[in-house]
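Enquirer: Residue strings, one per chain:
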Amino acid sequence: MLQDKAEKNPEIIGFACSYCTFKASEMAGSLRMKYPEGVKLIQVPCSSRVDPAFVIKAIFEGADGVFVAGCHPGDCHFIKGNYFTRRKIAALKEMFDAFSMKDKLRLFWVSAAEARRFIDKVTTMYNEIKERKNVREKN
Amino acid sequence: MKTGIFICHCGHNIKHTVNVKKLSEYFKKYPNVTVSQDYVFVCSEPGQDMIRESIEKKGLDRVIIASCTPSLHGEMFKDVLKKSNLNPFLLRRVSIREHCSWVGDDVEKNTEKAKRLILAGLYSAAHYVPLEEKRVDVTRSALIIGGGVSGLSAAAFLSKMGMQVYLVEKEPELGGHVRTLKNIWPAGKDGKSIIDEMIEELTGRENVEIFTSTTISGFEGFFGNYEVTLDTPEGEKKLTAGGVIIAIGFSPFDPRIKPELQYGKDDRIITTLEFEHNADTLQLPEKPRVAILHCVGSRDEQIGKPYCSRVCCINALRVGEAMKDKYKDSYVESFYMDVRAHPRGGEEYFEDTQEKGVLFTRANVAEINLSPTGIVIRGEDTLFGETFEREFDLVVLSIGMSPPVDNKLIASLLKITLDKDKFFMEAHIKLRPFDTAVKGIFIAGSCSGPKDVEESINHGRASAVKLFGFLNLGYAYVDPFISYVDPKRCSGCRMCEQACVAKAIKYDEEKRVVHVEEAACMGCGLCNATCPSSAISLKGYIDCMIDDEIGALLEAI
Ligand SMILES: Cc1cc2nc3c(=O)[nH]c(=O)nc-3n(C[C@H](O)[C@H](O)[C@H](O)COP(=O)(O)OP(=O)(O)OC[C@H]3O[C@@H](n4cnc5c(N)ncnc54)[C@H](O)[C@@H]3O)c2cc1C
Ligand code: SF4
Ligand code: SF4
Ligand code: SF4
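Each protein sequence line maps, in turn, to chains A and B. Read in numbering that gives the first Met the number 0, the first sequence has 76 at position 77, and its numbers run on one by one without any break. Read in numbering that gives the first Met the number 0, the second sequence has 447 at position 448, and its numbers run on one by one without any break.
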């Protein structure tokens, strides 16, 4: 019986830097590449704008996963914003780990040219979280 | 608050997979929403008029346009608001095309996603305030990197318009590849004479400074005032440039990457570039047998070069023609996938070459073997489905255009992006083919993908015109998205000051609070995310906007 229960689709919030990942997502759209509708983006000028509080807020409000995505290290339009992001997210991940929710948070580097990589990253994250979510729901 | 929501069908592009009618109906129920309407093309003239009319008649104070991605039509929609005397920063764009209708096929799911995206826009826009664009003083000078035809044509335009031009060329001489070409198609001119003409135009102009044997070693600052360090033969030199045009060209494909071509192992296998240089001194028998291979280093997924180089079919035809003209009784055979004689007059030229007796064989070349009597090419004729094996005295490889050698260096120095083929990437392939994502930095010529001389010259000039438009007045307006401090909340902990890369935050010893130097703030928002007292905020991206977006996307509000 349990198996017949409707599948649960995760909700994923992604913070995307205007200069790279958001651009990559625009390109993915223009190329008509597909990804799950559960993935929704919030545009930020730089990944360093992402306050850890936003990530926690998103989880509180019911997101199954959150990702922060910015330019590859060294390529930040704002010189080194993404190094700050990396440090903050690493600290946040440790905290999440303490609550056994490490896999809810991811950090990606996706340049403006990497539409394919964007799709791969978000789809993988979505599928992995979906799998876990449905297993958990079943038990 | 009176919000107008305008939902675009984009013809079929959005309507096809998003139920736009349902959306416009849905948003009517929100108390703050005065107008909620869907329309076939919001960006069209009547679409813009519709928005203006709503603003003026209904007194809208927020406008939400749900359509294509915000980087398209941005200025145009802002102008619509300006014309109706509404502050343009009260506009919110919501991408329901690139981020919704084009990336999913299920109408129901897409409509639900679009609903939440618009809701996020609606909640976020409620916190918008009118902003004034920031006026910055700009230096009326341009740095042009690369002195090939594209860089030279940009320099010619800008200097003629009275702009200070710094032209930086890595080699001892200007001219790039064109200087070395003997017979530029279709002009029939020597490349050097074209280059000399272009240099002639620049000489004597006081506002042009040319640096040869020079490279860029440092690059800092922002639009309007980039601080550049040059590495010149006389030592380091610093200058300020309002904007930049990158024109560092291409590098010829090196056939050694494909060892099966046997290039470099035998003098009788040469590239089209070498043919250009040495056509007159080639040692050939009276009735030479010449093979020409198209698409060498292009349209080849295996070596990561899937693109067509656009000039090499014409180059192959030129070799064939030259051989036939010089040796009437020669046997000249071109091996091609399909002939793409792109430029104007190319098709006619292809026919002429056939009439002159050049044979064209659609083929997959499988193998090249060296023998004492000649070079043996083995392959498959893909039109007849037969294998062949023929011997030649000369094999000419029509090489493609690869990205410039310094692509990564320049990209990381200037913080711009390379495309998947490692050429420089434009901000938008159709709408902004000259700009990079960084304001004031443009690309020109073959460094952004294979181009012939005419295209490179046009690209250079077009980028120059755009840059001129940005810098000509001596001042420009940039987005007002900078940080500001609420002194009541600031505890004076100075954590933001430590974080700020632009050194835009200053501490006031007396008041024991910080403030932001507007001109220096880059608008990254790092300080906003760092402040433990929520005292510093980035305009346009303040905490409550993003918080509400999160809530709306998750339907928690
Ligand atoms: C074999 C061959 C034959 C061709 N024949 C024709 C033809 O007949 N007709 C035609 O229309 N087109 C032809 N082309 C194409 C033509 O060569 C290009 O369109 C043209 O050279 C493009 O000009 P450009 O300024 O973009 O680049 P380039 O000519 O490559 O010039 C770039 C310049 O930038 C300089 N540079 C590079 N890196 C740096 C750096 N880091 N700092 C400073 N300077 C730098 C280079 O030294 C060079 O001077 C041919 C191409 C090939 C390969
Ligand atoms: S121009 Fe011709 S030879 Fe060059 S890559 Fe395109 S099809 Fe091949
Ligand atoms: S981090 Fe916040 S509280 Fe501390 S000095 Fe900066 S603005 Fe003031
Ligand atoms: S937004 Fe960035 S550049 Fe501006 S003050 Fe804050 S940290 Fe500095």
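Fair warning: there could be bad hints in the mix.
Stated by the list, open to error - Here are the computed distance ranges between Cβ atoms for each label pair:
# : chain 1 : residue 1 : chain 2 : residue 2 : range
1 : A       : Y82       : B       : Q353      : 48 to 54 Å
2 : A       : A89       : B       : R511      : 29 to 35 Å
3 : B       : R51       : A       : N133      : 47 to 53 Å
Quick caveat, the hints were computed from the structure, so don't treat them as lab data. From the three backbone atoms N, C-alpha and C, an ideal C-beta is built for every residue, glycine too.
Enquirer: Each hint should be assessed against the structure and marked as holding or not.
Expert: A quick look at each hint next to the structure:
no.	hint	in the structure
1	A/Y82 x B/Q353: 48 to 54 Å	violated, 60 Å
2	A/A89 x B/R511: 29 to 35 Å	holds, 32 Å
3	B/R51 x A/N133: 47 to 53 Å	holds, 49 Å
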